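J.: Chains C and E supply the protein sequences, listed in that same order. Everything in the first sequence is counted per this note's numbering, starting at 1 for the first residue and increasing by one. Everything in the second sequence is counted per this note's numbering, starting at 1001 for the first residue and increasing by one.
Note that these hints are calculated values from the structure, not bench results. Model, not experiment: these values are computed from the prediction. Not one of these hints is a red herring.
Pairs of lysine-lysine, BS3-like flavour, derived with a Cα cap of 27 Å:
#1 C:Lys85 to E:Lys1228
#2 E:Lys1049 to E:Lys1190
#3 C:Lys120 to E:Lys1228
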Amino acid sequence: MNAPRTPVSAPTWWDEFTTAGSSPNTAAARLHQGNILYIENVTVSFDGFRALNELTLYIETGELRCIIGPNGAGKSTMMDVITGKTRPDRGQAWFGSQLNLLKMSEPEIAEAGIGRKFQKPTVFEHLPVFTNLELAMRAPKGVWRSLVARLSGEARDRIEEILVLVGLAEQRDMRAGALSHGQKQWLEIGMLLMQEPQLLLIDEPVAGMTHQETERTAELLVALAGQRSVVVVEHDMEFVRSIAKRVTVLHEGSVLAEGSMAQVQDDPRVRQVYLGA
Amino acid sequence: MAVTANKRADQVVYGVLLALAVAVPALNLGVGESSALHVSTYTMTLVGKYLCYALLALSVDLVWGFGGILSLGHGAFFALGGYAMGMHLMRQIGTRGVYGNAELPDFMVFLNWKELPWTWYGFDSFPFAMLMVVLVPGLLAFVFGWFAFRSRVTGVYLSIITQALTYALLLAFFRNEMGFGGNNGLTDFKDILGYDLQADSTRATLFVLSVLALAGGYAGCRALIDSKFGRVLVAVRDAENRARFIGYRVENYKLWAWTFSAMLAGVAGALYVPQVGIINPGEFSPLNSIELVIWVAVGGRGTLYGALLGAFVVNFAKTFFTGALPELWLFVLGAVFVLVTLLIPQGIAGYFNREARA
Ligand SMILES: Nc1ncnc2c1ncn2[C@@H]1O[C@H](COP(=O)(O)OP(=O)(O)O)[C@@H](O)[C@H]1O
Ligand SMILES: [Mg+2]
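All chains, full assembly: derive it from the sequences and hints.
T.: Put into structure tokens, the structure is as follows:
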């Protein structure tokens, strides 16, 4: 209930996306310099099976981190813990040094500045693409505010801008359910951008995308890092290689290896469990 | 495109309602019984009843069609609104009851009760009773929704507990000790605000009020759906978790839509009771709540006007069948529901919408 809100400063609030490395925004300044996410000794069990096992992971502010690992390694479960969907049996999860994620609800975590793209693209199928973005926009989300909310010209411009960025300008009035799989992925990324999160958690963004779409996604994510912190879960090694500076390998719910792509690829344990050599 | 289609449908709805509000009372009061154009008081009251059903269907469409909350207990809110009105009408009887008791309704005298139970306090007052018409269903819905939505009960489970809710109320209202007339319910009403309930002019007024309530409810629902609130409601229906991770407190959106919907249902019940002249626990029957979901499904959910259409079409059919072949009605209703679900899952409104687009 008492998650700190960053006031939306009206005239230039969208600058952050268009001008790379713009002035530090208030939320980022509030957060502890250094790490934006602390996960320590987190354990999640489903009927005795440990999906996460004493997982410890730190994400630096402004970092772009790739998380890889075989199916069932616990990557999505980790995102569930960070976003409040799943409560761990044990462990700690902090957003910056102030916010205890384990004590916050999903909307509070979203409001505090963590945005998430699901593994299976999840958009509002019966609403137009434009409205999907409108609803995701960083704005008061209460019932009474929604009753009287009017879309300002600036907000409209901002939505148009994101529509162009994610390549859906022509589909703006189309029902989101009618988009292709790859377009839905992009729409969801667009919704994430509308939220203006400090930390983006992106689960398998390029599944179902064409080669070109994948390349554009890589460019976008690389451009976003720096101003924001980005955590990407992906299977596509080509894609990971093209964007990641730092890679974390998850295996059976814990970190198996961490380092540059070259380092983890040379790690014999990683080769054994994941790269299959 | 969808917006313009809605605009056109809205115009039709308001046009038809206006025509009804003007023509029916005029043809009842102004045209002699010998004339072929005369609308009998029976017919006017029947259509007035359908108008109340349409308002009830509208309230269901709001939560089901847009919020994805399938209520199988909305009849309870309708009945509670009806009881609130019925209690006021009972108090208006005064000394004209069989026992001529100015203090107590007949059924209480019959049960040998000495004083009015506290639940009846204030119902002498028309404004108080009207407040209760919306407050009682609203409060019940709020409390119910508070627990249900907060604990994230959804889908079939929610539908089942709404059935349980109306069933529990059915059993409770059957009991004489509850003080609401037991299985006989409340009836033998004399007048409302001093106007004789049997008079054509009173019936015509009630009819016009029903039209106004429906038009107002429709406009209110439309405004809600057109607002950002309505878009969030649909978003919650489509992808509840996505809405949560964007930062919406999903349970609050559901709760307020649910509560507002229950209040609309209460108003429908309150207008229904003086026109049919009775309210009894049968209105809480789980079957009623299921039937009204069928109206919405047949008319086409998620459109608002579909709910109105469905309420009228199904109830006209019901009136016809229960007159001609009463024992067949439930089979016909079941068959219609199955056929609509299989052949036109979007209901009549959805079917015509698609035709218009093609
Ligand atoms: N809600 C759940 N109930 C039971 N088991 C689950 C649940 N969610 C995930 N799991 C299990 O936890 C393990 C980790 O799943 P997940 O985090 O989705 O893996 P990844 O995203 O790395 O492929 C899997 O074995 C999965 O079957
Ligand atoms: Mg996964």
